[in-house]
Amino acid sequence: MHIRLLIILLLTAAICHGQSLLKTPVTLSRQNGTAGEFLDDLNRVPGVTISYSSAIVDLKKNIKLNGQEKTVEDVLKIICSNQPVKYVEQNGKIFLVTTLPSKKKYTVSGYISDKQSGERLIGASIYLPGRNIGTTSNIYGFYSITLEQDTVPLQISYAGYYTIIAPIRIQSDHTIHIELEKNIVMNEMVVVQAAKNQTPERTLTGKTDINSSFVKSVPALLGEADVLKTLQLLPGIQAGSEGTSGLNVRGGSPDQNLILLDGVPVYNASHAFGLFSIFNADAVNNVEVLKSGFPSSYGGRLSSVVDVHMKEGDKYNYHGEGGIGLVFSRLTVEGPLKKGRSSFLVSGRRTYVDAFLTPIQGINKSENRVRPFFTDLNIKANFPAGSKDRIYFSLYMGKDRLSTKDKYSYTDGSTSPTNYRDEYGFAWGNTTAMTRWNHVFNKKTFSNFTFMYSRYRFKVDNYYEEKRSSPAYFTLARNKYFSAIRDWSMKADFDYLPNPNHFLKAGASATLHKYEPGITTVYRNDDGKEANAHIDQLSTTSGEYDAYVEDDIRLSQNMKTNIGVRFSAFSVKGKLFTALQPRMNWLYKLHNGWSISASYGQMNQFIHLLSNTSLGLPTDLWLPVTKKVPPQSSQQAATGVSWNYDKSLIFSMELYYKTLKNVIDFTEKTVFFNPYDNWEDLVETGTGKAYGMEWLMKKQKGKLTWLTSYTLSKSTRRFPTINNGKPFPYKYDRRHEIKLALVWQKSKRFEVSALWYYSTGYAITLASAEYYDPYAGDMVEIFDSRNNFRMPDYHRLDLSFKFIKQKRKYLRSWVVSIYNVYDRFNPFYLLENTSAQDDKRVFDGISVFPFFPSISYQFKF
Amino acid sequence: MLFLLLISSLSCTKRVEIKMPPFEDRLAVHGYIAVGDTFAVTVGQTVRDNRSGTLTYLPNALVQLYDQGVLLDTLRFDSASKYYISKKVRAEAGKPYTIKVEATGFRSVEATATGISVPATESIKHIRKARTSQYGNVLDDIFFSFHDPAGLKNYYLVLVHGADYSNYLGCVYSTDPAIEQPRGSALPFDDGDCIDPESIFFTDESFEGQLKEISLSASTGSMTWHTDSRGHTYKPYIKRYAVSKEFYDYYKFTSAVRDRDELPFITEMASNKGNIVNGYGLFTIFGVITDTLP
Numbered sequence: 000m001h002i003r004l005l006i007i008l009l010l011t012a013a014i015c016h017g018q019s020l021l022k023t024p025v026t027l028s029r030q031n032g033t034a035g036e037f038l039d040d041l042n043r044v045p046g047v048t049i050s051y052s053s054a055i056v057d058l059k060k061n062i063k064l065n066g067q068e069k070t071v072e073d074v075l076k077i078i079c080s081n082q083p084v085k086y087v088e089q090n091g092k093i094f095l096v097t098t099l100p101s102k103k104k105y106t107v108s109g110y111i112s113d114k115q116s117g118e119r120l121i122g123a124s125i126y127l128p129g130r131n132i133g134t135t136s137n138i139y140g141f142y143s144i145t146l147e148q149d150t151v152p153l154q155i156s157y158a159g160y161y162t163i164i165a166p167i168r169i170q171s172d173h174t175i176h177i178e179l180e181k182n183i184v185m186n187e188m189v190v191v192q193a194a195k196n197q198t199p200e201r202t203l204t205g206k207t208d209i210n211s212s213f214v215k216s217v218p219a220l221l222g223e224a225d226v227l228k229t230l231q232l233l234p235g236i237q238a239g240s241e242g243t244s245g246l247n248v249r250g251g252s253p254d255q256n257l258i259l260l261d262g263v264p265v266y267n268a269s270h271a272f273g274l275f276s277i278f279n280a281d282a283v284n285n286v287e288v289l290k291s292g293f294p295s296s297y298g299g300r301l302s303s304v305v306d307v308h309m310k311e312g313d314k315y316n317y318h319g320e321g322g323i324g325l326v327f328s329r330l331t332v333e334g335p336l337k338k339g340r341s342s343f344l345v346s347g348r349r350t351y352v353d354a355f356l357t358p359i360q361g362i363n364k365s366e367n368r369v370r371p372f373f374t375d376l377n378i379k380a381n382f383p384a385g386s387k388d389r390i391y392f393s394l395y396m397g398k399d400r401l402s403t404k405d406k407y408s409y410t411d412g413s414t415s416p417t418n419y420r421d422e423y424g425f426a427w428g429n430t431t432a433m434t435r436w437n438h439v440f441n442k443k444t445f446s447n448f449t450f451m452y453s454r455y456r457f458k459v460d461n462y463y464e465e466k467r468s469s470p471a472y473f474t475l476a477r478n479k480y481f482s483a484i485r486d487w488s489m490k491a492d493f494d495y496l497p498n499p500n501h502f503l504k505a506g507a508s509a510t511l512h513k514y515e516p517g518i519t520t521v522y523r524n525d526d527g528k529e530a531n532a533h534i535d536q537l538s539t540t541s542g543e544y545d546a547y548v549e550d551d552i553r554l555s556q557n558m559k560t561n562i563g564v565r566f567s568a569f570s571v572k573g574k575l576f577t578a579l580q581p582r583m584n585w586l587y588k589l590h591n592g593w594s595i596s597a598s599y600g601q602m603n604q605f606i607h608l609l610s611n612t613s614l615g616l617p618t619d620l621w622l623p624v625t626k627k628v629p630p631q632s633s634q635q636a637a638t639g640v641s642w643n644y645d646k647s648l649i650f651s652m653e654l655y656y657k658t659l660k661n662v663i664d665f666t667e668k669t670v671f672f673n674p675y676d677n678w679e680d681l682v683e684t685g686t687g688k689a690y691g692m693e694w695l696m697k698k699q700k701g702k703l704t705w706l707t708s709y710t711l712s713k714s715t716r717r718f719p720t721i722n723n724g725k726p727f728p729y730k731y732d733r734r735h736e737i738k739l740a741l742v743w744q745k746s747k748r749f750e751v752s753a754l755w756y757y758s759t760g761y762a763i764t765l766a767s768a769e770y771y772d773p774y775a776g777d778m779v780e781i782f783d784s785r786n787n788f789r790m791p792d793y794h795r796l797d798l799s800f801k802f803i804k805q806k807r808k809y810l811r812s813w814v815v816s817i818y819n820v821y822d823r824f825n826p827f828y829l830l831e832n833t834s835a836q837d838d839k840r841v842f843d844g845i846s847v848f849p850f851f852p853s854i855s856y857q858f859k860f
Numbered sequence: 000m001l002f003l004l005l006i007s008s009l010s011c012t013k014r015v016e017i018k019m020p021p022f023e024d025r026l027a028v029h030g031y032i033a034v035g036d037t038f039a040v041t042v043g044q045t046v047r048d049n050r051s052g053t054l055t056y057l058p059n060a061l062v063q064l065y066d067q068g069v070l071l072d073t074l075r076f077d078s079a080s081k082y083y084i085s086k087k088v089r090a091e092a093g094k095p096y097t098i099k100v101e102a103t104g105f106r107s108v109e110a111t112a113t114g115i116s117v118p119a120t121e122s123i124k125h126i127r128k129a130r131t132s133q134y135g136n137v138l139d140d141i142f143f144s145f146h147d148p149a150g151l152k153n154y155y156l157v158l159v160h161g162a163d164y165s166n167y168l169g170c171v172y173s174t175d176p177a178i179e180q181p182r183g184s185a186l187p188f189d190d191g192d193c194i195d196p197e198s199i200f201f202t203d204e205s206f207e208g209q210l211k212e213i214s215l216s217a218s219t220g221s222m223t224w225h226t227d228s229r230g231h232t233y234k235p236y237i238k239r240y241a242v243s244k245e246f247y248d249y250y251k252f253t254s255a256v257r258d259r260d261e262l263p264f265i266t267e268m269a270s271n272k273g274n275i276v277n278g279y280g281l282f283t284i285f286g287v288i289t290d291t292l293p
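Taken in order, these protein sequences are the chains called A and B.
Note that numbering that gives the first Met the number 0 gives residue 165 to position 166 of the first sequence, counting from 1, and the numbers run on in steps of one.
Note that numbering that gives the first Met the number 0 gives residue 235 to position 236 of the second sequence, counting from 1, and the numbers run on in steps of one.
Isolated chain A, as found in the complex (with noise of 0.2 Å):
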C-alpha cells in the first residue's frame, strides 16, 4: 500500500542525564494493576520518560508488584517479564521494545526538510533508539530505511532543529516526508555540525560540515564573511598567503583541492586576487569538507573536497537578507515559485572601489585611471516534476576585471602635441551551470542525473594609440591574451539502501575538458598598414571517465565501514591514463560518546595547475597530463579518535600519513609561461610526503561557543634535480598550528566573536651568503636549499562585534570588525636584506594586513 504522509511534529526533544534513569528510585502507591497503569505511574516520576506503543505493550496486562521494586528498572522487569518486549535505555528515555522478529520487511523513505522553508536538510538523522540503528538523508534530503513489520519510535535530528520522536506503525510502505522546525532557543547555537548524532554515520575520518551561521559569526577580514577562509579554522586545513582564501590540505597544494558549488568543479575559487572566495555566505547553505577517508563518489583531486550547497530557496515564504560593507554590498532573495511545491533564490554581491575612485581620480584630473571591480550572480531553482522527480537549476556567473587607462599628450614643441592613450585590462572569472534531475526509482533506489558546465577564463586586454596631427602620425596596438578551461560533464548517481546495514552508491560521469591555456591575438596599424597574428600553440581537449561504487555497511550495532572502489580513465591526445583507486572508511563506537576510525584511500588527479606564483592569481594554467608530466596521486592512512559529550562539547584527535606522486614543480630555472614554452619543459614532477596529528576541541551548545584546535604536522616535497635532488620542505609546511574562535551571545541583540590565530612562519628560500662574480659583474645569491629559511611566526587576534535589533519588518545588524586587533607585524614578503649577523639576517618586510577595523550594516527580511 502506498500512503504519503506529511508529518510536522514538534519537541519531543531528548533530554540527557548524567545517570541512568533505569536506576531512579519509585515509590510506587499501587501493588496491583494494569501494565499501561504501571506504566503511566512510571512517567509521572520526575525525569522518567519512558516511550512504548500499545501494538508491542499489552497494556491490560495485569500486573502484581511483590513491594520489593526500587527503581524504575526493577518495575520493568515484570511489566517485560511474561511478554515479548525489553525496554532500552537512550538517551534520556527508555524505550519498550519488541523482542519478535518480524518476518515481513518494508520501507520508510521521504525527504527531510526545514519546516520553515522548505529547504532539504543534508545529513539529517533517522534513528531507531530502541534499536540503535538508523540512517541519514542523503545531499538532496532524501532518505530511506527498511525496517520490519512493527510499532516503532522514529527519530529525526538535524544539528540546530528540535528533534522529532514520533511512533511510526510499520505495516506497509511508507512515503514520509518530515519538516524540522529551526531551534531559535540563543543557547542551541550549532557552530560547526560533525559527529552529531547518535549513530556513527557523521563520525568518520577527516569529515566535517560547516553551516553558513557560523561562517557568519566568526570575525573576517573587512567584516566580510568567507565560507573557504573559515574552512582555514579547521585543523590540517591552511591558509597561503596572509588573507587569502587559498587552502593547503595536510601538506597538499591549493590545486588539489576539489571545490565543488553545487556538485559543479570551480577551478579557482576566488575574487580579488585570492582575498574574497566567491562564495556568497548569504546563499551557502552548508559546506562539507572532506580532508581523508573519501568516498568514492568522489574524486579528481589529491587532498580534498570541498563541497559547497548553496540555499535552494524558500518553499513557502518570499525573504531576504543582504549587507552593506567597505568592500561590496551584497543581496540575497528568496521564494517560492509556487507555494510549497517549487523555489528560486538569487543572490548577488558587487564592490564599488571603482565607483570611490572614479570621482575622486576625477576631481584630481589623474592621468592614470584604475577601474577594479568584482561581481557575482547565484540563481537557483527547483521544482517538483512529477511525484518521484524533482528538477533544479543552478547557475553562477562571477566575474574579477581590473583596468587602468592613461591618456597624456606630448610635444617638444618642434611638432604639433601628440595624443597618447594606453589602455590596459585584464578580467577573469568562472561560470558554472548545473541542471539536476532527482528522480526516486522505488523506495530504495535514489537517482541523481546531472548536466553540469564550468568555465574558467583568463583574459588581457592592451590597447594603445599614439595620434598627431603635424606631421601626421598613427599608430595603433591591440593585443589579446586569453587562457581559458571549460568542462562539459555529465552525471549519474545512485543511491540503494536495501536494508538499515546497507547504504550503496554508484555513479558514473563523461567530462569533456577543453583547455585553452593561452591564445594571443595581436593587431597593427602604423597609419594604415596593417598587421594581424594570432598564437594558439596548446589548445587541446581531454575526456575524463569515471564510475565508481561504494557501501556503508554497518558490521554491528557500532562498527560501521564504508567500502569504495573509484575507476578513473583520461583521454588525451591519443593516450589513455587510467586509475583505479580503492577507498575505506572504518569507525567503532565505544561507550560514552568515544569512537575510534580509520581511513585509506587513493586519490588520481589527471590536470596540472601550472602556478609560478603561491598566490593563486588568475594567470595560473590548467593543464592535461601528458606522457612526461603524468597524473599525480595519492595515498593517505588516517586514524582518529573522538569523543561527544551531550552535542555539546566534542574532542576529536587524527593522525595522518600521505604521500604524494607526480606532484609538479617549477626546475631550477624561474621562469614563466608565455606561447611559445613547451610548459613540459619547464616543470619537473616529484614526490611529497605529508604526516601529522591534529587536535579538535569544540563546544556548541550554550551562550558560549567555541572551536579551537592544533596541529603539529610535516610536510616535504622532493624532485630529482631541485634542491640537489634532497627533500625539502613544502612552501607551506608548518609544524605548529593554534586556532581558536570564541563566539558569545550575550543577549538577542549583542554578540561578540574571537578569532586567535597562531602558526610557525612558512618556509621560505633565501639567499644565506653571496659572493661576488667578476664576469656578471655582479654579486651572486647563494641559495644553499629550497625553502631553507622560516618565516617569523604568525599571529594574530580578531574581534568582531553584532548589534542586532529586530525591525518593525526586518532584522538590522551591525557588525564591528577588528583585523589583527593587537598589530602584529606579518610580513607578507620580504625585501632585499639589509643586514647579516651571526645567526640572523636582516630584511625589509612588507606586511599588507595591519591593525584594521570595519564596519558593515546586514539585514534581513
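Check before you lean on any hint, since a few could be wrong.
Some chain A residues judged to face chain B by a derived CB distance under 7 Å, without partners named [what the hints assert, rightly or not]:
no., residue
1, 770
2, 772
3, 774
4, 775
5, 779
6, 782
7, 787
8, 824
9, 826
10, 842
11, 843
12, 844
13, 846
I should point out that these hints are in silico values taken from the structure, not numbers from a laboratory.
All C-beta atoms in this analysis are idealised placements derived from N, C-alpha and C, irrespective of residue type, glycine included.
Fit chain B to the known structure of chain A by using the hints.
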C-alpha cells in the same frame, strides 16, 4: 586590483629578523677561459652581508693549474686587474685542466674543466625588415647554421650585438623550440616572448649530430650598419659559444637570480650551480666564434 590597492594603501615596512641556518664561508673562484687564451681566474670569498659594497678579492691565495695531476703553473696575483694570471699556459680544446686554490681560513677548492671547440659556421644570412613583432616593431631575420658534433651533448650560447653601440638591443625573438625562453612574465605582454640578446641558450637535444640552422629576429634599427662622425662603421655581429654543461647551468642560474629581484615574493630559487668543489663560482673553458652579419 583590490589586492594591489591594499598593498599600496595598507602595507607597511618593518625590519624583520630571520634566523639563519648555519653557514660556512667559502672561496668563490671564477675562471672563464676561451680556448687559445691564457688562464686567468679570480679568487674571492662568500660574505653574509655585502652592504658595505666591498668586493671580496683575496690576494694571498695559492692558485695552481694542473693537467691531469701535473702542475702546469702557479698563477700570480695581478693587483691591478685582481686576477690570478698564468703567463705561459694557454687553454687547448679537448684537454682537461684542474685549478686548485688554497687560502688561509678556508677549505681548499678545486675545479676541472675541459676545453671545448666550437663548430664552424656553415652559413649566415641576414634578411632586413622581414617581419613585425607583436608590439609592432619591424624586425630583421638572422639565420646561421653549423654542424653539431655527434656523440656529445653540446651546449650553446649565442650573443647578438647590434650595430648601433648606443642603442641597446632590448630583445630578440625566436620561435625555434630549441632555444630556451629564460625570461617571461607573470602577466602576458610584460615580457612576452622577449629573449635577452645576451642569453640565447640552446642544447643539441633536438638536432644532435645534425646540421642546425637557428633563426632569430631582432630590431631592424639595431641591426643596421652605423657609421659615426669619425667614419668608423659599426656592424652587427653574433658570438656563438660552445660551452660546458656547468657553464650553461650556471649562466641560467645567475640570470634567474637577477630576475628574481623584480618579484621577490613570488619566485623561488634553489641551490646554486657551478663546478667549484667545496666552494662557489665557475671554472670553464669554452670555444667561441664571432660572425659579423652581412
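Okay, the hints, checked on the actual structure:
1. With a least beta-carbon distance of about 4 Å to chain B, the hint placing residue 770/A at the interface is held under the 7 Å criterion.
2. For the restraint placing residue 772/A at the interface with chain B, the shortest Cβ-Cβ distance is roughly 6 Å, inside the 7 Å limit, so the hint holds.
3. A least Cβ separation of about 5 Å between residue 774/A and chain B falls short of the 7 Å threshold, and the interface hint therefore holds.
4. Evaluation of the residue 775/A hint against chain B yields a held restraint, the C-beta minimum of about 6 Å falling below 7 Å.
5. For the restraint placing residue 779/A at the interface with chain B, the shortest Cβ-Cβ distance is roughly 6 Å, inside the 7 Å limit, so the hint holds.
6. The interface hint given for residue 782/A is met, as the beta carbon of that residue sits about 5 Å from the closest beta carbon of chain B, less than 7 Å.
7. Because the closest C-beta pair between residue 787/A and chain B is about 6 Å apart, less than 7 Å, the hint holds.
8. With its C-beta approaching chain B no nearer than about 5 Å, residue 824/A sits inside the 7 Å limit, and its interface hint holds.
9. Hint on residue 826/A holds. Least Cβ distance to chain B is approximately 5 Å, under the 7 Å limit.
10. The interface hint given for residue 842/A is met, as the beta carbon of that residue sits about 5 Å from the closest beta carbon of chain B, less than 7 Å.
11. Given the 7 Å rule on beta carbons, the hint for residue 843/A holds: about 5 Å separates it from the nearest Cβ of chain B.
12. The beta carbon of residue 844/A comes within 3 Å of a beta carbon in chain B, closer than 7 Å, and the hint placing it at the interface holds.
13. Annotation: residue 846/A was flagged as interfacial toward chain B, and the flag holds, the nearest CB pair being 6 Å apart, inside 7 Å.
Checked against the numbered hints given earlier, this structure breaks none of them.
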